[in-house]
Amino acid sequence: MRLNVLHKTHYTYDAPVPYGLQQVRLRPKSRLGQLVEEWRIDVTGGQVEVSFEDEHANAVDLVSFASGQTEIEITCAGIVDVEDKAGIVGPQGGYVPLWLFRRSTVLTTPGEHVQALADRAPANCSDLDRLHALSAHVLEQVPYSTDQTASDLTAEAVMQAGHGVCQDHAHVFITAARLLGFPARYVSGYLMMDDRVDQDASHAWAEAYVEGLGWVGFDISNGISPDARYVRVATGLDYRGAAPISGLRYGNAGEDMSVTLQVQQQ
Amino acid sequence: MAGRPTYFDEMFGHGTAARAPYADYCDWFQHEDTARLLSKSEEAEALFRLIGVTFNVYGDPDATERLIPFDLVPRIIAAREWAKVAKGIEQRVRALNAFLHDIYHRQEIVRAGRLPAEMIARNDAFLPEMIGVSPPGDIYTHIVGTDLVRTGDDEFFVLEDNARTPSGVSYMLENRETMLHMFPELFSKIKVQSVGQYPRSLRKSLSACAPDACNGRPTIAVLTPGIHNSAYYEHAFLADQMSAELVEGHDLRVVDGRVAMRTTRGYKPIDVLYRRVDDEYLDPLNFNPDSVLGVPGIMDVYRAGGITIANAPGTGIADDKAIYSYMPDIVEFYTGEKAILQNVPTHRCSEPQALKYVLDNLADLVVKEVHGSGGYGMLVGPAASKKEIEEFRAKLEAAPGNYIAQPTLALSTVPILTDAGLAPRHVDLRPFVLVSPDRIDITPGGLTRVALTEGSLVVNSSQGGGTKDTWVLEE
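So the protein sequences, as listed, match chains V and P.
Following the working numbering from start to finish, the first sequence increments by one per residue and tops out at 266.
Following the working numbering from start to finish, the second sequence increments by one per residue and tops out at 475.
Misleading hints may appear alongside valid ones.
Claimed, not checked - With a straight-line cut-off of 20 Å between C-alpha atoms, the simulated SDA-like cross-links for lysine to any residue are:
no.: 1; chain 1: P; residue 1: K386; chain 2: P; residue 2: T408
no.: 2; chain 1: P; residue 1: K387; chain 2: P; residue 2: H371
no.: 3; chain 1: P; residue 1: K204; chain 2: P; residue 2: R217
no.: 4; chain 1: P; residue 1: K268; chain 2: V; residue 2: S67
no.: 5; chain 1: P; residue 1: K386; chain 2: P; residue 2: V458
no.: 6; chain 1: P; residue 1: K268; chain 2: V; residue 2: S246
no.: 7; chain 1: P; residue 1: K204; chain 2: P; residue 2: E185
no.: 8; chain 1: P; residue 1: K40; chain 2: P; residue 2: E185
no.: 9; chain 1: P; residue 1: K268; chain 2: V; residue 2: Q47
It is worth saying that the hints were derived from the structure and are not from the lab.
Can you make the complete structure from the sequences, with help from the hints?
Rendered as structure tokens:
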């Protein structure tokens, strides 16, 4: 499937920002089942300082704010051909040892609720079935809802809240999968939705490492493994490691962010 | 004295006659008046105060700035003795850099079953952000301080590898300056290898590690946490001595793809940053977001090849005392040779058998925190009271994986000058090693630290240790 993506993130500030940086992980790469035909990132109100590959082989751009800005916009546009691989991403490449994906982070530190969820996972079945069951249990206990009170919630806090968005689902799944002994990671990316072109936010899902298969994707919020409608952009141990944009700025200016996102089949 | 172990004294061996390296010095000393030397000693102290060589002791609110006591009796090492030590250090430092490269790439040593993966996985100093990063020349630890102790005529042990941020080189240099100033006649009588070239060598060594982005003569800067840091004097001293810029985090920012320093004529890119700020505080964008000591985005520029950071982030894994216990294997794995310098036999308390042995023999052992440094949080069994041992036992039992234990070594002594004349005191040695792509440069000698209290084996300045000038004789 050929997907056309247009993704604008627009920040406005109520006072000039003397200095700021944004670390941008918004460049999908060609890989098994995913061919990036065209991709560009444009920045207005700032400039790309350096580009590099991080430890998870994510392409990262460091963007600086032009001094005294009150607005900055990061626009990604491109075309990606995606094949349905039934969620299978393949072997672990690069140098990151698998044990790193068993590490808990601040957002994926397990508590009693996540532990109880992990305990529910069926034992007498294949690893793959076990993970699919876990994914279903997460959605059952944390139904999808956008009326959340906070972003950047820990997996345990999400379980207590009892509802969440794709990012929250991914965190709960990752935390529980690690408790079950699976290396697991967070994926940020795009999903073409069948019923609309304009979206409010980019998507997130999870991957777990299954012996014999390698990395397998689980879109917990939709109860499926990623197919030809998914563009995989960045991975990390949690949201913070794979976040599309994470930044730091000096001064006290208040920030307002708006996202324009269109994903459509070409 | 009956019942007391006899230590190897570097001046007199186990006897009363001076050992060969000390013969000329002792000859000179015999003709000196002790009272004159003691007054020289005061003169030395006044000099240090004047220059401002001081250090801060953490956990001692009454003494924020203290002078490290200096003893004017030099520690003397023959050229032949030094040659072997230097060869051993060079081998070890090569292995350390190969190890660090491997740990941040394929981890062959783990795959080969020579080092358990947990040693890396549970190591707080392991920085995932360094995975796959190859700094210029593949050098991770540019400046190393390999702590050595001596137990006999031909017996040296490595006590620890300071691959992260070895400090103390300014004392080595100031001690020599002071000695040259006070006893010029001694240096014309006895040929001592010079140490004064260290700042030049440091500059050369760091320059040789400049990134590809560097245009022309490399710009070097020393990054200090600021005047409140215990080693601020050294940071300022080194910057001055090697004609480098002394900067703090707020002086630097990312400009046009480089880390640049604010100057009166705009921003100037830094090629090599000799940083004396810990990893955690180095970059608030990538590490601790609350840090005000670092430079936001420096890790991004580093990973893009725009700056060299010395020492590289993540080198601290090699300073872990559990990793230390594997150093003989590490040296052999990467160099294909047996380690020239011995390791102190080390019991890893994370292993049940070892823990039992350690608990049964606390009174005879030295127990250290795996991640500790500076002599803080350690137990010296033979010098501890019953109560201290029992308190330590509780800590050890609560978290055995945090500790290693070693036998109490019979550290050599070198005399210090006291009101009653010469008196032996235990010493160690921190040689300073510079690593560049084409050579490893070891300053002859290093910093001798001396436990000023009679019988004490703890030489750390924070625990009441002093220093001596260290002489390596010319051939």
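A quick look at each hint next to the structure:
1. Only pairs whose Cα atoms come within 20 Å are accepted, and P:K386 paired with P:T408 is accepted, the gap being roughly 17 Å.
2. Pair hint P:K387 plus P:H371 does not hold up; C-alpha atoms about 24 Å apart against a cutoff of 20 Å.
3. With a C-alpha separation of about 11 Å, the suggested pairing of P:K204 with P:R217 holds against the 20 Å cut-off.
4. At roughly 17 Å between alpha-carbon atoms, P:K268 and V:S67 fall within 20 Å of each other, so this suggested pair holds.
5. A distance of roughly 19 Å separates the Cα atoms of P:K386 and P:V458; the hinted pair therefore holds under the 20 Å criterion.
6. Proximity of P:K268 to V:S246 is assessed by CA-CA distance (about 27 Å); at most 20 Å being required, the pair is judged violated.
7. With a CA separation close to 32 Å, the supplied pair P:K204 and P:E185 exceeds the 20 Å bound.
8. For the hint pairing P:K40 with P:E185, the CA-to-CA distance comes to about 14 Å; that is within 20 Å, so the pair holds.
9. Between P:K268 and V:Q47, the direct Cα distance comes to roughly 18 Å. Compliance with the 20 Å bound is thereby established for this hinted pair.
In this structure, the earlier hints numbered 2, 6 and 7 are contradicted, and the remaining ones agree with it.
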